[in-house]
Amino acid sequence: MPQKQYGNAVVDVDGEGFLTDFSQWSREIAAAIAKEEGIAELTPAQWKVIEFMHKEFKENGQVPSVRKLNKSGVISTKELYEIFPGGPAKKAAKIAGLKKPEGCV
Amino acid sequence: MEEKITKVSIVISKGGLDGVYPGLIMANGARMEGIEANLFFTFFGLDAIITKRMSKIKIATVGNPGMHMITWLGAVPGMSAMATSMMKKTMDKIDIPPIPEFIEMVADSGCKLYACKATVDMFKLKKEDFCPQMDSIINVGKFYEMAAGGQIIFT
Chain A
0 MPQKQYGNAV VDVDGEGFLT DFSQWSREIA AAIAKEEGIA ELTPAQWKVI
50 EFMHKEFKEN GQVPSVRKLN KSGVISTKEL YEIFPGGPAK KAAKIAGLKK
100 PEGCV
Chain B
0 MEEKITKVSI VISKGGLDGV YPGLIMANGA RMEGIEANLF FTFFGLDAII
50 TKRMSKIKIA TVGNPGMHMI TWLGAVPGMS AMATSMMKKT MDKIDIPPIP
100 EFIEMVADSG CKLYACKATV DMFKLKKEDF CPQMDSIINV GKFYEMAAGG
150 QIIFT
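So the sequences go chain by chain: A and B.
According to numbering that gives the first Met the number 0, the first sequence is numbered sequentially starting from 0.
According to numbering that gives the first Met the number 0, the second sequence is numbered sequentially starting from 0.
Okay, chain B solo, but in the shape it has when bound:
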């Protein structure tokens, strides 16, 4: 029999709904299977745990070929907001929570949430800018330390 996965550390490096959700779903899914999970937010992925930003994350309609939208149409004011609102409604129907609720849920499941030190320094952020579920601000070395003995997934 294949050896079971017992621990995962997931890096969320991209902003936007399509950048943040996959990592959250994978981390939450891991906890649901009894797998130990860590989440490491870096670069624009950090938006997901910044209190002022976490509820305002949108889907990009420009420069996002996955949206199958011609560039000028995607650039129409309000297009990104509209696409975001439509996507959120659809997701709620299949029980995928909005990002702030998802962060709370995944933290309550026992997954640990970390912010990347380099990004925090670059954007001049402080611990107070983050949601209470954020465990600590750590550097890459510390990330590898806590990821030891498990799989690392980069999204």
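Bound conformation, chain A alone:
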């Protein structure tokens, strides 16, 4: 299994760089992944999305869809696309240390 080093931490990742073991995730790792994805510093709005994703994932084992994020009132679809440019759900899930979203919507 491929591994990746972020600072002093070594994490297990899949072929696309998504963490395969959430217990290895930390806020520092999130910041480092965000940098790789072109986000220099995570804003409170981005953290809010990440935290909601964690909550959803803990509750039902699923990475929430864009629709769910919008409906939950955490963030509007428009804003989500703005703060995670180039693929919102995928990028947010990656930074959150979760698996790649599987749904089509």
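Source of the hints: derived by calculation from the structure; they are not laboratory data.
For each residue, glycine too, the CB sits at the ideal point set by N, CA and C.
Honestly, I wouldn't trust all of these hints.
Which residues of chain A face chain B? A partial, calculated answer using Cβ under 7 angstroms [what the hints assert, rightly or not]: (1) N59; (2) G102; (3) C103; (4) V104.
Capping the alpha-carbon separation at 20 angstroms, the derived lysine-lysine pairs in PhoX-like fashion look like this [to be verified]: (5) A:K47 x A:K3; (6) A:K89 x B:K6; (7) B:K92 x A:K67.
The calculated label-pair distances, taken between Cβ atoms and stated as ranges, are [claimed, not checked]: (8) A:G72 x B:G140: 36 to 46 angstroms; (9) B:Y143 x A:K34: 37 to 47 angstroms; (10) B:K141 x A:E50: 21 to 31 angstroms.
Dock chain B against the given chain A, drawing on the hints supplied.
Below, chain B alone, put in the same frame as chain A:
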């Protein structure tokens, strides 16, 4: 490595749920991958962006072999409404929104929505008949212009 798709323009030409959803899912999916997307609604596909019709789109139970329903049964009054309601419930469970919400979502994702000029003229429609997410009414020439540099998908 294969060259990545960076832009798609999707034509939705058919009405009915099975005519409209595939194009919406493909356009939304493109935006989710960071791919630029345009949607061009033509002929009965136009129903999806007509304010009065977008929430009333059904699945055809007659003349639709995909439904695996014998013709007389499909023609029973209320059959199409029932099949539509069942399908909507199932779709909601897998997080596929109803058409009006889907149109809003795909527009919010940055996908541009266009109506076909020829169809608009044929059905004597006006800009006011369309949902606010509809960007503009364009002809085929303009469609090719804005599709330039990307892939065109016809549904």
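Hint check:
1. N59: 12 angstroms, violated
2. G102: 6 angstroms, holds
3. C103: Constraint on A:C103 satisfied, holds at 6 angstroms.
4. V104: 5 angstroms, holds
5. A:K47 x A:K3: 25 angstroms, violated
6. A:K89 x B:K6: 18 angstroms, holds
7. B:K92 x A:K67: 12 angstroms, holds
8. A:G72 x B:G140: 36 to 46 angstroms: 43 angstroms, holds
9. B:Y143 x A:K34: 37 to 47 angstroms: 40 angstroms, holds
10. B:K141 x A:E50: 21 to 31 angstroms: Given a distance of about 44 angstroms, which is not inside 21 to 31 angstroms, the answer is violated.
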